[in-house]
Amino acid sequence: MTAFIVRRLMQAVLVVFAVTTVVFFLIRVSGDPASLGVSLDENRTPEEIQEEYQQIRKEMGLDRHLLIQYGLFWKRTLQGDFGYSFRYGIPTVKLISERLPNSLRLGLAALFIGLILGLPLGILAALNRGSILDNIATSVAVFGIVVPQFWLGIMLIILFSVELGLLPTSGTGSWKHIILPAFTLSTGLTATVARMARSGMLEALNQDYIRTAYAKGLSQRIVILRHALRNSSISIITVVISSLPHLIGTVVVVEVVFAWPGVGNLMAQAVANRDYPVVFADVILFGTVTVLAFLVMDLLYAVVDPRIRHS
Amino acid sequence: MPILNKLLVGLSLRDKPEGIIGAGKKNRRSLGHRLWVNRMGVVGGVLMLAFLVGALLGPWITPHDPVAIDLSRPFAKPIWLDMQEGAGILGKDNLGRDIFSRVIVGSRTSLIVAFSAVSIGILSGVTLGLIAGYKRGLVDDIIMRVADTQTAIPFLVLLIAVIAFLGGSLMNMILFLGLGSWVGFARLIRGEELSIRERDYVHAAQALGASDLRIMFRHILPNGLQPVIVAASLSFGSVILTEAALSFLGLGVATQIPTWGKMVADSRDYVTVAWHLSVFPAVAIMLVVLGANLFGDWLRDVLDPRLKGKRL
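So the sequences go chain by chain: S and Z.
Just so it is clear: in the first sequence, position 1 is 1 by the numbering used here, and no numbers are missing.
Just so it is clear: in the second sequence, position 86 is 397 by the numbering used here, and no numbers are missing.
Each hint should be verified, as a subset may be incorrect.
What follows is a set of in silico ranges between Cβ atoms, one per label pair, in the way DEER data are often shown [to be verified]:
{"hint": "1", "chain 1": "Z", "residue 1": "525", "chain 2": "S", "residue 2": "300", "range": "43 to 53 Å"}
{"hint": "2", "chain 1": "Z", "residue 1": "486", "chain 2": "S", "residue 2": "166", "range": "42 to 52 Å"}
{"hint": "3", "chain 1": "S", "residue 1": "71", "chain 2": "Z", "residue 2": "449", "range": "53 to 63 Å"}
{"hint": "4", "chain 1": "Z", "residue 1": "514", "chain 2": "S", "residue 2": "14", "range": "32 to 42 Å"}
{"hint": "5", "chain 1": "S", "residue 1": "79", "chain 2": "Z", "residue 2": "379", "range": "52 to 62 Å"}
{"hint": "6", "chain 1": "S", "residue 1": "219", "chain 2": "Z", "residue 2": "511", "range": "47 to 57 Å"}
{"hint": "7", "chain 1": "S", "residue 1": "288", "chain 2": "Z", "residue 2": "450", "range": "47 to 57 Å"}
{"hint": "8", "chain 1": "Z", "residue 1": "486", "chain 2": "S", "residue 2": "225", "range": "43 to 53 Å"}
{"hint": "9", "chain 1": "S", "residue 1": "163", "chain 2": "Z", "residue 2": "360", "range": "49 to 59 Å"}
{"hint": "10", "chain 1": "Z", "residue 1": "525", "chain 2": "S", "residue 2": "215", "range": "50 to 60 Å"}
Footprint (simulated), chain Z over chain S, 3 or more residues, beta carbon under 8 Å [what the hints assert, rightly or not]:
{"hint": "11", "region": "19-26"}
{"hint": "12", "region": "175-185"}
{"hint": "13", "region": "280-294"}
Everything labelled a hint here was simulated from the structure, so no lab data went into it.
Even for Gly, the Cβ is constructed at its ideal location relative to N, Cα and C.
Make a model of the complete structure from these sequences and hints.
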């Protein structure tokens, strides 16, 4: 077990390392970040501008060899120093930590909606196979796959904010603000959960232990919740966590549509402003979160299923 | 071409090879009935075909010039709503450009990107997967660990960063989306290969002294290609959605040709006065993704009936 954990931990560290390295070199080959930091005031002479440019290069360490820069970068990163935002002039870490709670709130709300809509839908569809309910569940699942979330968000704003005036169009504040963005974010998840719950239930319902449970005289509710659902829960947890990388990508889009002040929106703005320390820190953050989630998932499996930790 | 044969049988356009059980019971149903049984696959195929035609013939079949500006008639509603003459089937946008023509032409970028990206994904994924599954050992470990690593990366986020820094040229877009999709194909073909490589005909080929390359591409690949083809049509849809999302964020292919994602993005300022600006490009996105998914589901049912009703 210990060997498994150690191996898995090393793998996780390696993934974060790989992502960071790729992004570091991509940023370095794509342009000169120092030129972005120079203020181009009309009253200044070219010499002054040149001087400031050189100074910024020196401050950022861009005048040194690429590999040394890379080493220094790791030194700073391990100390938790991700540099300053070009646009806001404050530490990147501060900027991100201010917005992270908003994104977490949005993500958890979407997860909640995805589960409370997707699970019952999938279960009911499996129990009433071929019925109208099953068709509705299938349609919801298909819709969740094909709809572009950026567009769905706009439509929901038109309907619920502009036409009906029930919910605010964007921003944060009250609990009402989170409903539309969280729902938009949850559509893909709802579809995935419903589909997995349906197929998981269908498979479980054919098993002998379900027949045994019914034969013991247990009520349908208990058989479904205690036996069938519990046995398909592993596959549901798996798809939820596996869809995390995709969900994170969608967070960026949804936060932009609803002007939600989270890390995704911050990233989109940073990209538009070429505020590269922020983009960089954001990518590392998202990568690390995903890797951690996968790590936890694997460790949980190993606890549940002895076959995995011994393989 | 065993796969082509299977497809034709799946569409019931060619009679199934008769086994002992089916002997003497010829399946001669009308063409209409055959198509009805496979209606979802037919719908998917027709949708894909329609968008393919739009992408290929785009500028020549549009009723109007997709970039021609007509300021006398901005925001004109679709003709079937207002009965105003010259409004076009799907209306006009803020600059009086014909939305129907723009949606047709918009299919070009999406489909070029999706086809090319998926092709790159298949080529790289299948090659790497074949090598991993055939060589096993260290090579296998390295390739599959790289695949694991890539799976754990929020791809859209990385793509946003990369395209923001390297620029959203058509080549970049295709390349990165393609490299983003190789993992699935590699895993599938490797999985197939692990069972195929133990079959007698592979051992026979080895005994005859066939080269590794020949065994991989001549003997293993054709027999393991079915799940790859199915996965390709499903990944086609997700590439279209990713491209549209990037385009919406202003990171799409920089081109004069309108793209669906950008049309939706541009329409945001006018959604309260003119809903049709954003609805129709989005419907186009949904239809083509739906088409790809239906087609993929049908392919899977035909190629591997064991998986019927399950999703990959």
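Against the structure, the hints come out as follows:
1. Range check, residue 525/Z to residue 300/S: Cβ separation about 44 Å, and the 43 to 53 Å hint holds.
2. For residue 486/Z paired with residue 166/S, a C-beta distance near 44 Å keeps the hint of 42 to 52 Å intact.
3. Range check, residue 71/S to residue 449/Z: Cβ separation about 28 Å, and the 53 to 63 Å hint is violated.
4. Residue 514/Z and residue 14/S have their C-beta atoms about 37 Å apart, which keeps the hinted 32 to 42 Å range intact.
5. For residue 79/S and residue 379/Z, the hinted distance range of 52 to 62 Å is satisfied, since their beta carbons lie about 58 Å from each other.
6. As the Cβ distance of residue 219/S to residue 511/Z is approximately 53 Å, the hint placing it in 47 to 57 Å holds.
7. For the hinted restraint 47 to 57 Å between residue 288/S and residue 450/Z, the CB-CB distance of approximately 29 Å leaves it violated.
8. Range check, residue 486/Z to residue 225/S: about 48 Å between beta-carbon atoms, so the 43 to 53 Å window is met.
9. About 37 Å separates the C-beta atoms of residue 163/S and residue 360/Z, a value inconsistent with the hinted range of 49 to 59 Å.
10. Distance hint check: the CB atoms of residue 525/Z and residue 215/S are about 57 Å apart, consistent with the given range 50 to 60 Å.
11. Restraint check on the region 19-26 of chain S versus chain Z: 4 residues with Cβ-Cβ distances below 8 Å, three needed, restraint holds.
12. Counting residues of the region 175-185 of chain S whose C-beta sits closer than 8 Å to any C-beta of chain Z gives 0, which falls short of three, so the coverage hint is violated.
13. Beta-carbon proximity to chain Z at under 8 Å applies to 8 residues in the region 280-294 of chain S; the threshold of 3 is reached and the given coverage holds.
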